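So the sequence lines, in the order shown, correspond to chains A and B.
Our numbering numbers the first residue of the first sequence as 1 and each following residue consecutively.
Our numbering numbers the first residue of the second sequence as 1001 and each following residue consecutively.
These aren't lab readings, by the way, just hints derived from the structure by calculation.
Hints are supplied without guarantee of correctness; some may be wrong.
[What the hints assert, rightly or not] Covered stretches of chain A, going by a simulated chain B footprint (3 or more residues, C-beta under 8 Å): (1) 30-43; (2) 291-300.
[Stated by the list, open to error] If you want a taste of the chain A side facing chain B, the calculated C-beta under 10 Å gives, among others: (3) A59; (4) Q80; (5) L174; (6) E177; (7) D179; (8) S212; (9) N221; (10) V226; (11) K526; (12) G530; (13) V541; (14) P542.
As the structure is a prediction and not an experimental result, all values here were calculated from the model.
Backbone N, C-alpha and C fix where the C-beta goes; we use that ideal spot for every residue, glycine too.
Below are the chains, spelled out letter by letter.
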Amino acid sequence: MKNKRLLLSALACIVSGVAGAQGIMGGHVTGNIQLDGQMSHADSVIGAEDVPEHLKLNARADILYTNGDFSAGLRFEAYQTPLLGFNAQYTGQGIAHYFVSYKAKRISVTAGHFYEQFGSGMILRAYEDRYLGLDNALLGLNVTLRPVDGLTVKALAGKQRVYWDYGNGLVRGLDAEADLNSLVKPLSDSKLHMTLGAGFVSKYEEEESIPSAADPASRLNLPLNVGAAAVRLNIDYGHFTLQSEYARKGQDPSKINDYIYRPGEALMVNMSYSRRGLSASLQAKHIDNMGFKSVRSQAGEMLFINYLPAINKQYTYASLTMFPYVTQVNGENGLQGEVAYRFKKGTLLGGKYGTDVTLNASTIYGLDTVQVGGAGTEGYTASWLGLGQHYFTDASLEVEKKLSKKLTLTAIYCYQEFNPAVEGEEPGLYHNHIVVGDLHWRVDKKHSLHFKAEWMGSDSRYAPDEGLTDRRAGDWLMGFVEWSIGTHWFLSASDQYAYNDGTGNYPSIAVGYTQGTTRLQVGYGKQREGLLCIGGVCRPVPASNGLTFSLSTSF
Amino acid sequence: MKKSILILSAAALLMAGCDKISPDDYTQSAGGGSNWTNANVHRAFVEKYTGPKCTNCPKADVTLDAAHHQFGDKLIVISVNYPTGQGVPWAGNPDLRTEDGTAWSQYFGISELPAAYLDRGTKQYTGSMSEIVSDIEKVINQTPQAAVAVNATAEGDSISITVDVELYSQLDGGLSLTLALTEDSLVYKQSMPDGDPDENYVHNHMLRDVITGTWGDDIPMEGLAGEHKVGHFSYKVTNSDIQLQNCHIVALLSRKSDRSVINCAETTIN
């Protein structure tokens, strides 16, 4: 009997061991792989420089293992050498990102690299955008608690990635968000839905010696701990929504604000109304010295702890993104409004299928400041609603109309005012008129065609003899045609031509093949120099002339 | 209980998370005299081994001159006359070889000219050294671990030197400070890439002497972030060919363990 009991115990151990092993060996692995390559040769007309290594490659592979509440992942990255426009400090290869994570109903824990955002990101947003070459991942520990339904508390600490290294600054953060309708019983059935949140982020950085502007023999007494706090309130009531967030940052002398001690603050308010067929929104933004980096001496796009969302409409058309707005972290006041209306089917303007009309306008100014000194002072004074330098204005009318079962037309007119000062260039104001026509034609079940025609008239000029070297300047015509064949193939051709007061003709062709989750695209042509911006965050795109290819797959 | 822990954690973070400095304390005396300005910069140090009979050395000079033009005073160069072979002077020309320079070249195992090292790292640059420029830029863009400032004044043939060192990061393993005297605008015969020597080639940044020990003097610092040390040195010029108005004092802050340079500074002699 005793022996039988021992045998059963041993068997139970083995079975539980096997079950445990199956538990560990179970789960599933997913991932995606992307490879982008570029070959370019010198072209003095468009300003493309020779690529001595002939081939530039960006590659990445994300692997994610998931097993119940547990997951682990890693990302291999290789930049041999980085594509044009990506920072040369990316050159290299290796495991750039790894983590293990446990996620249950009441708690989530991630150790390793992680991305996180508090509210709209005005005090913390660790994120990655592969197209911008931007990765602000934190390496450390991230814990999320949900002690009761409706309450989420996040706590984190870590150091930020900077290319293949990590910034010296230590980032600590705490955020709480309460869904008041879940937490307060009398509100549980209310039409009024409120979410209240608050966050605090602190960065610690070691002492360093920064000379004072007023007295070179003196150095700045730097705050080693810099804090930023934000409160936010979101309200939904019927068709109405209000999203608001106010953030304040302590003294943070840094390279991007020229080492001044003025505290920072930011306010973002977004009101919107939406019902079937009609929506309207009004957004306001105030930023004053809110650039927040984990390394005070670091310029450039990396190591930002926070993110200040763009307020102007984000377009995808080439002419409308020729002069993109770059968020001014040191200070701006902005306003955006949009009304979208759908003319119903069967009405005069709606026709057979209905018509969508969107009117959008935004305007952004710098702060109205009075300088009080340079490094080692308060820097400046500024009034809340005062308007300084005019940075950007746009107003657009967009009409989308289904003409028939096979034809859909989108037409846009946009007026733009753009100040190159937002890119650190000599201040001025370009006035641009832009017209876009976009036609989708589903020829039959297997074939479709996509046409785009764009025109931009601008008072900007390209005249290098006069010091005007912006190759985006002048009047432009742009055309694009894409032929899709079944679900696998597409062929496209495009051209951008500066026909007046500008320079350059940028033809290109591309072919792509998609099979399941795998997509291969090969292109050849000229790329205009400019800025690639996503959400007000930008990277320069140098001119190029040559072959590009991209391969991506997921599993 | 959970709520208490959360509240306490939040309070602890809030209290620890933000330093406030009153306007009267925005700045503090830094020492280091006028050269403390920009002492927080991470400067790059290049020691270039050269010789008057080295035909390719002028190519390296072109590269480093262009780098100087690009990076300004963030790049500090010392040209070291190699002790043998192509380093031997042409007849009737000055001999710029030094005992310290010989020791340095032996330490690095220099076997061909030109050759250079950046911040006394492990990579040797040879030929025209075009790849050194991007590496210099990387060094300059790094956050400095220490600030170094140097001031020098001369009275007759005596030079008084003051060096300020301030550590930003913890630096373990001991530190040393090397002071070197370099001279610009030395005109003497140099082999050129086309084979014809140039009788009037201008040599700059030439090492004339090492004021401290060959590998520097130990700095009595614990290596803690925030530590600040001022050192005073005096030096008597014994070589009458040296023109002090063309000279610089170069200060190198190095790790004792591997002799790598942490930061450096350079000054004219007033």
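These are the hints, each one checked on the structure:
1. Counting residues of the segment 30-43 of chain A whose beta carbon lies closer than 8 Å to any beta carbon of chain B gives 0, which falls short of the minimum of three for the stated coverage.
2. Residue count for the segment 291-300 of chain A with a Cβ under 8 Å from a Cβ of chain B: 3. That meets the three needed, and the coverage hint holds.
3. Hint status for A/A59 relative to chain B: violated, with the closest Cβ pair at about 22 Å, above 10 Å.
4. With a least beta-carbon distance of about 15 Å to chain B, the hint placing A/Q80 at the interface is violated under the 10 Å criterion.
5. Because the beta carbon of A/L174 sits about 5 Å from the nearest beta carbon in chain B, less than 10 Å, this interface hint is met.
6. A cut of 10 Å between beta carbons decides the hint on A/E177: the least distance to chain B is about 13 Å, and the hint is violated.
7. At a threshold of 10 Å, the smallest CB-CB gap from A/D179 to chain B is about 17 Å, leaving the interface hint violated.
8. For A/S212, the suggested interface contact is upheld, since its CB lies about 4 Å from the closest CB of chain B, less than 10 Å.
9. Satisfaction of the interface hint for A/N221 is found here, the shortest Cβ-Cβ separation to chain B being roughly 5 Å, below the 10 Å cut-off.
10. The beta carbon of A/V226 comes within 7 Å of a beta carbon in chain B, closer than 10 Å, and the hint placing it at the interface holds.
11. Interface hint status for A/K526: violated, as the beta-carbon distance to the closest one in chain B is roughly 26 Å, over 10 Å.
12. Annotation: interface hint on A/G530 violated; nearest CB of chain B at approximately 24 Å, more than 10 Å.
13. This hint is violated: A/V541 has a C-beta 21 Å from the nearest C-beta of chain B, more than the 10 Å allowed.
14. Contact between A/P542 and chain B, as hinted, is not supported at the beta carbon level, the nearest pair being about 16 Å apart and thus beyond 10 Å.
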